[in-house]
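Q: Below, each chain spelled out in residue letters.
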Amino acid sequence: MYDKEFLETVRTNAKKWRQAHEQELQEAESDGRVTEDGILLKPLYTPLDVEVDFSEDIGFPGDFPYTRGLEAMGYRKNLWTLSQYAGFGNARETNQLFKNMITHGNVPYLALDLPTQNGCDPDDPLALGEVGRTGISIKSLRDWEIIFDGINLGDIYVGTVANAQAAVILAMHVVLAAKQGADLTKLRGSLQNDILKEFTARGNYIFPVDPSLRLVTDVIEYCAKNLPAYWPICVCGGHFSEAGSDRIHEVAFSLGNAFAYIDEVLKRELPIDQFAKGFFFLMKTNHYDFFEEIAKFRAMRKLWAKTLKGRYGAHDQESMKLKILGHGGGSLMTRERPELNIARNTIACLSGVLGGIQLIGLKTLDEVFGIPSEQAQMIAIGTQHVVAYETGIPDVADPLGGSYYVETLTKEFENRVLEELDRIAKMGGIVRATESGYIRRTIAEDAYKSHKDLESGKKIKVGVNKFRVQEEEVSLKPYHLDPEEEARQIAELKELKKNRDNSLVAKALHALGDVATQPSSSENNLVPPIIEAVKVYATMGEICGTLRKVFGEYKEPAVL
Amino acid sequence: MEKEPKRIRILLGKPGLCGHDRGVLVLAMALRDAGMEVIYSGRHNSPEQLVAGAIQEDVDILGVSILSGAHMSLCQRIANLLREKKAEDVVFVAGGFIPDEDVAGLKTMGVREVFGVGSSLEDIIEYFREVSRDKRGQR
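So the sequence lines, in the order shown, correspond to chains A and B. For the first sequence, my numbering assigns the number 285 to the initial residue and increments by one for each residue that follows. For the second sequence, my numbering assigns the number 866 to the initial residue and increments by one for each residue that follows.
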């Protein structure tokens, strides 16, 4: 990156500096400080360390390979979008919460309860005790109508956590938006629709691998053709990290999954530039190894841009721009001295901002105590506002670009991810590595190592294994789910089934079952028949149950 | 020559729909390193499957991990099933995301010990050794 003469001068001066600080340097170097991912850190970085090519590796913001960010003006033109993950047990309470959060400039990111995420109705035996616990219970279009009562879907971006049943949630969103009179070609929002990480990290899967990939592909194809502004797939690395993986695995596994989805969609003969811009990523924002975290975001953008252009022949710049939603990690929050979680979140937020990402959702200080209260959500939103409006950090694009340290880390990070992707390719690809249990085992081993480091004190958590204080009574009051909620949801379900036209439902489900038995193809896309079933108020459990009958269920391989 | 004592056998499982199994996997690895025999059921198990598994595998301890908030309903069901199947000699423990105020209720149901967020592996291993010793002493 620098010319020879300049590097000679630096080398001479660096030598003098080394001699002057010989003993201190030796001591510092002998402690072998490494990041959680095993990258050895020097006590100081100079131009001599930066082995990168300026145009190939760094460049300018808004230009390929987007290491320095997607926007030429960074955040000066548009700040990142606040996207707190939230949702109470029922649709009515959630409607009020969302209205309040939208007033504070936060776009909703819907948390769903586990029966909903696993395609079960509240009266399913598997739903015992789970209804309304981790988010909203969505039984049918009726709940979607209540959540967004008085909220115009044509005006806002709505993120949702839907995966195995992403097509059903998409259908509800599309049907309600159309009812509200929204222009569907401008409808903004997102699904997760990332089933591979459910098998390997998050656990909310329903169908076996092949039909699951078919559904993912159907949703991407449907959106590419009908909802061009909608983001049908959010490939998640953050869940690997939360399941315990190190950062290199977080990035390699999520990129690997994304490329697997692209390969599936390409089989439908859809041009890459028609659907790639519908991809975005959810990654962890982490306050540990702060600078490596920033390097992670920069390296990821570069890896994506180069692969989309090189391997997939994309021409549209939008296909090469990797959009990232950064989410804080619940596993980083502590029960001990919980107010320190605000400090952790502030630093996590900074890692995302200095990494130039597009959306940020922080965890709340009461995360470890239960479902976040509205007050805790407002503190997280306020934390983002402080970073956005009080620090001046958003004034200049990629402020750490050119840092000897950050550029070196970015390159090193990129190389390590490429090595891991290569290892997976040699195993036969990420789907194979998922089925063989390699991904799950790798994550579990990372998690075990990290836990041992915590217990041995090698990794420090303030208030937990160092600087403990006598615990005071915790005054946090997380959201409290009414114990009657499960019964209420079951009653609502019965009421729904009584009042709708059940012959229309039966007809729609039958039609869906028919398409599902046909082979995966554009003609047999499952989204249109799911939309028809949603329109007549077929339930989540009925729609997924119909598909279960055809596809069967996923059986996970043994991990240990 | 003294016969080598039988190794402690444990079934760890995830009842219900909660898919977060970082904690239970870390525990499984630590228990193995401590010389115990560990069977991990995987995710999405019904209480019926876990209790049947515990009986079939003749384990000393059944440990369940729940982070979704469904622990009260699920543990009650498991405890009832253990009683129905006359398998109360299996030590039933629970871990995961469990608020302090629920611990007493769980113990009343028949959960012998609760290991919430932040429990140390060493403490769990020690507890498992102790209860297995007591249990075998009774036989």
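No lab work stands behind these hints: they were computed from the structure. Just to be clear, a hint being listed does not mean it is correct.
In silico DSS-like pairs for lysine-lysine, Cα to Cα no more than 30 Å straight-line [to be verified]:
hint: 1; chain 1: A; residue 1: 839; chain 2: B; residue 2: 1000
hint: 2; chain 1: A; residue 1: 326; chain 2: A; residue 2: 742
hint: 3; chain 1: A; residue 1: 778; chain 2: A; residue 2: 326
hint: 4; chain 1: A; residue 1: 833; chain 2: A; residue 2: 551
hint: 5; chain 1: A; residue 1: 509; chain 2: A; residue 2: 833
hint: 6; chain 1: A; residue 1: 833; chain 2: A; residue 2: 742
hint: 7; chain 1: A; residue 1: 761; chain 2: B; residue 2: 972
hint: 8; chain 1: A; residue 1: 761; chain 2: A; residue 2: 733
hint: 9; chain 1: A; residue 1: 736; chain 2: B; residue 2: 871
hint: 10; chain 1: A; residue 1: 736; chain 2: B; residue 2: 950
hint: 11; chain 1: A; residue 1: 361; chain 2: A; residue 2: 593
hint: 12; chain 1: A; residue 1: 833; chain 2: A; residue 2: 819
hint: 13; chain 1: A; residue 1: 326; chain 2: A; residue 2: 819
hint: 14; chain 1: A; residue 1: 733; chain 2: B; residue 2: 950
hint: 15; chain 1: A; residue 1: 833; chain 2: A; residue 2: 778
Q: Hints first: check each against the structure and report whether it holds.
A: Results of checking the hints against the structure:
1. For the hint linking residue 839(A) to residue 1000(B), the alpha-carbon distance of about 34 Å lies beyond 30 Å, and the restraint is violated.
2. Restraint check for residue 326(A) and residue 742(A): the C-alpha separation of about 18 Å stays at or below 30 Å, so the hint holds.
3. Straight-line distance between C-alpha atoms of residue 778(A) and residue 326(A) comes to about 64 Å, which puts the hinted pair past the 30 Å bound.
4. Pair hint residue 833(A) plus residue 551(A) holds up; C-alpha atoms about 26 Å apart against a cutoff of 30 Å.
5. Proposed proximity of residue 509(A) and residue 833(A) is supported: the alpha carbons are some 28 Å apart, at most 30 Å.
6. Distance check on the hinted pair: residue 833(A) and residue 742(A) sit about 50 Å apart at the alpha-carbon level, beyond 30 Å; violated.
7. Between residue 761(A) and residue 972(B) the CA atoms are separated by roughly 24 Å; this keeps the pair inside 30 Å, and the hint holds.
8. Between the alpha carbons of residue 761(A) and residue 733(A) the distance comes to roughly 33 Å, so the proposed pair goes past 30 Å and is violated.
9. Note on residue 736(A) and residue 871(B): the hinted pairing holds, with a Cα-Cα distance of about 27 Å set against a maximum of 30 Å.
10. For the hint linking residue 736(A) to residue 950(B), the alpha-carbon distance of about 38 Å lies beyond 30 Å, and the restraint is violated.
11. The straight-line distance between the Cα atoms of residue 361(A) and residue 593(A) is roughly 27 Å, inside the 30 Å bound, and the hint therefore holds.
12. Only pairs whose Cα atoms come within 30 Å are accepted, and residue 833(A) paired with residue 819(A) is accepted, the gap being roughly 21 Å.
13. With a C-alpha separation of about 60 Å, the suggested pair residue 326(A) and residue 819(A) falls outside the 30 Å cut-off, and the hint is violated.
14. A hinted pair counts as satisfied when its Cα atoms are at most 30 Å apart, and residue 733(A) with residue 950(B) does not qualify at roughly 38 Å.
15. Distance check on the hinted pair: residue 833(A) and residue 778(A) sit about 22 Å apart at the alpha-carbon level, within 30 Å; holds.
In terms of the numbered hints stated before, the structure departs from hints 1, 3, 6, 8, 10, 13 and 14, listed from lowest to highest.
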